[in-house]
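This is what each chain is made of:
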Amino acid sequence: MDQFLQALINGVMLGAFYAAMMLGFSVIWGVMGVINLAHGEFIMLGAYTTWVLNKDFGWEPFYAIVLVFPLLFIVGYIVQRVLINRVVDQPILVSLLVTFGLSIMIANAVKLAYSADPRLTDTRFGGVWNVGNVTIPVTKTIILGLALVIMASLWAFLNGTRTGKAIRAAAQNKQAARIVGIDINKIYALTFGICIAITGVAGTMISPTLAVHPFMGAPLTLRAFAITALAGLGSIPGALMGGMLLGIVESMIGIYVDRIGTNLAIVAAFVLLVVVLVTRPQGLFGGLRPIEQAEQL
Amino acid sequence: MTALATVDSKVRTTRNKQIALAVLFLALLIMPLGTQVADQTWVTNSRLFQFTQMFMLIALASNWNLTGGFIGYVDFGHAVFFGLGAYATGVMMTNQHSIQWPFWPAVIVGAIVAAIFAVMIGFPTLRLKGPYFSIAMLGTFVAMREIVRVSKPVTGGGVGLTLPPYLNRALFYYLTLGLAAAIITFAWWIRRSEFGSSLIAIREDEVGAEMRGINTTLHKITIFVMAGFLTGIVGGIWAYQNTFIDPDIVFVDSRTIDLVMMTMLGGLGTVAGPVVGAAAIYWLRDVVWAAFFDWHLMIQGSLLIAIVLFVPSGLVGLFRRDGSGTSLQRLWGRWLAKQGDEPIEADMGNDAPTDQGTQP
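Chains C and V supply the protein sequences, listed in that same order.
End of the first sequence sits at 296 in numbering that gives the first Met the number 0; the numbers just go up one at a time, nothing left out.
End of the second sequence sits at 359 in numbering that gives the first Met the number 0; the numbers just go up one at a time, nothing left out.
No wet-lab data here; the hints were simulated from the structure.
Some hints could be false.
Listed next, the stretches of chain V that the computed footprint assigns to chain C, with coverage defined by at least 3 CB atoms under 8 Å from CB atoms of chain C [stated by the list, open to error]:
1. 131-143
2. 208-220
Label pairs and their calculated CB-CB ranges [claimed, not checked]:
3. Q5(C) to I115(V): 38 to 44 Å
4. F156(C) to V153(V): 50 to 56 Å
5. I77(C) to S150(V): 41 to 47 Å
6. R80(C) to V153(V): 49 to 55 Å
7. I115(V) to G159(C): 50 to 56 Å
8. E193(V) to T160(C): 53 to 59 Å
Note that CB positions come from ideal geometry on N, CA and C, so glycine has one too.
Assemble the whole structure, with the sequences as input and the hints as a guide.
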């Protein structure tokens, strides 16, 4: 029973991180129909920025968010203007290949700059709480809290502000949004910037507990894709549930299946993904727009 | 030019092309003899090895093009068949429990294993559309690497398998040359057959093809399994030539994406495209890799972006003549028009001209 509870708690904490890190991917896909295969590399950029601040300037990793957010926003804004904007209206293969090329470039640029050694940041919020026979790491609790804050603020932003409503309008019907006077290019760049900023912050959050190295991005991109397909495009409650589901499944497999560790967890993620895609292609929770619109190759 | 003269020149071009291809093939056939003629010739064993690698890439890219180009199912995990072929061959040849098989039956077993897996994975994944298929295959690929790693009793796990070494460069040269030639001929035949036309119809409009009476599921599975089988053979040959396999060198992430890149550069959905693209990228990489080792992956990434953005129809499409000249000439004309500050008629993306956005 204790083992089960421990796996459940680990899974919830892992799932919260998954939910926070895949939001940007899901919203970008939902709003502009671009599947950003460089998504994991932006997490990695956020994590590396944090690592540099932590190592060279002695910043507490979690405080680095104040710098990572604006920095990654600017990066995302520029990347959208220069590169992504050219592929928004083109077949999905084009955007897949362009963002894949981007991911190779970012990962290898970081490798050239900082080598491929895995790193961790030092946080002063280490330690654990013991509740009965269950241990709750403090760091992961902070990650859980931050993830919930990120999701809540994105939800409030998309539903409460004029810009957020414009973003949702652009997702639902681009032509109509244009007719009522929404500057689509600006909205797209803004969306991309915000999503990349959130993604970078997710990288900051995870840097004390997950090895930071140039090629950490690809598995995270895969998970982001799996959760998005589970959750529906741009759906925040769906992201939370999908992330938790994947996190708990991975953590249960890690604990209950012997001698396998978490390597096979990604296999589980994809079995889950294929089953959901085949049986319920619109995702479990609905989303910003019907998934069929994004399916045209 | 009269109509007759046009036909005449077309026939002549076709015949010239055939003669050029035959000469090229013959030259490739007699090339290994260069090692016998003298001690110091341009043709060395390492040169033969390079050509062998290139033929393998040509064969793999052509196989990828069967699904990616002909039915438009962009497979991001095609290397899973390569890996299965390599591993099945390796396991049969190093069998610790019963007799060790010779290479030829082992490679056939490898190809059959790959084909069976293609049937198994094709049924669920080929129902998925567009990006979902791509990512499901990518997931299959990543998952297979981990499965191979944990099935230690059979595959040797992370330690890998060492195959009986066999160092006959000329044999591998002829083997891969023959295989590449056979696969290209196969692709060419498919493209001209009714079966191939049905595949193209599926790519252009799957629902329409279904309405027209094409059994789309059967067609998709058939071509997917053929591609898997052929890729399995290449994997088996690669394993024998490399004499060592482990999960990380067989299931390299870049293997599939290299194929996508080569096919895109050459021309997606054409027979010549993957061949031209694979040859071009192989030699280009040889140069870039030697000159800027640290930077070669970055150069590769930027090249991929540049290809997709600026030559979407590929090198083959650049020189293909249709209507108003080749697309190279059209590109040039568009560039001239841009210099003259004239409005450009966008021919890609139907709502591109309205992309300025409406000011409030």
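Cross-check of the supplied hints:
no.: 1; hint: 131-143; result: holds (count 9)
no.: 2; hint: 208-220; result: violated (count 0)
no.: 3; hint: Q5(C) to I115(V): 38 to 44 Å; result: holds (40 Å)
no.: 4; hint: F156(C) to V153(V): 50 to 56 Å; result: holds (52 Å)
no.: 5; hint: I77(C) to S150(V): 41 to 47 Å; result: holds (46 Å)
no.: 6; hint: R80(C) to V153(V): 49 to 55 Å; result: holds (51 Å)
no.: 7; hint: I115(V) to G159(C): 50 to 56 Å; result: holds (54 Å)
no.: 8; hint: E193(V) to T160(C): 53 to 59 Å; result: holds (57 Å)
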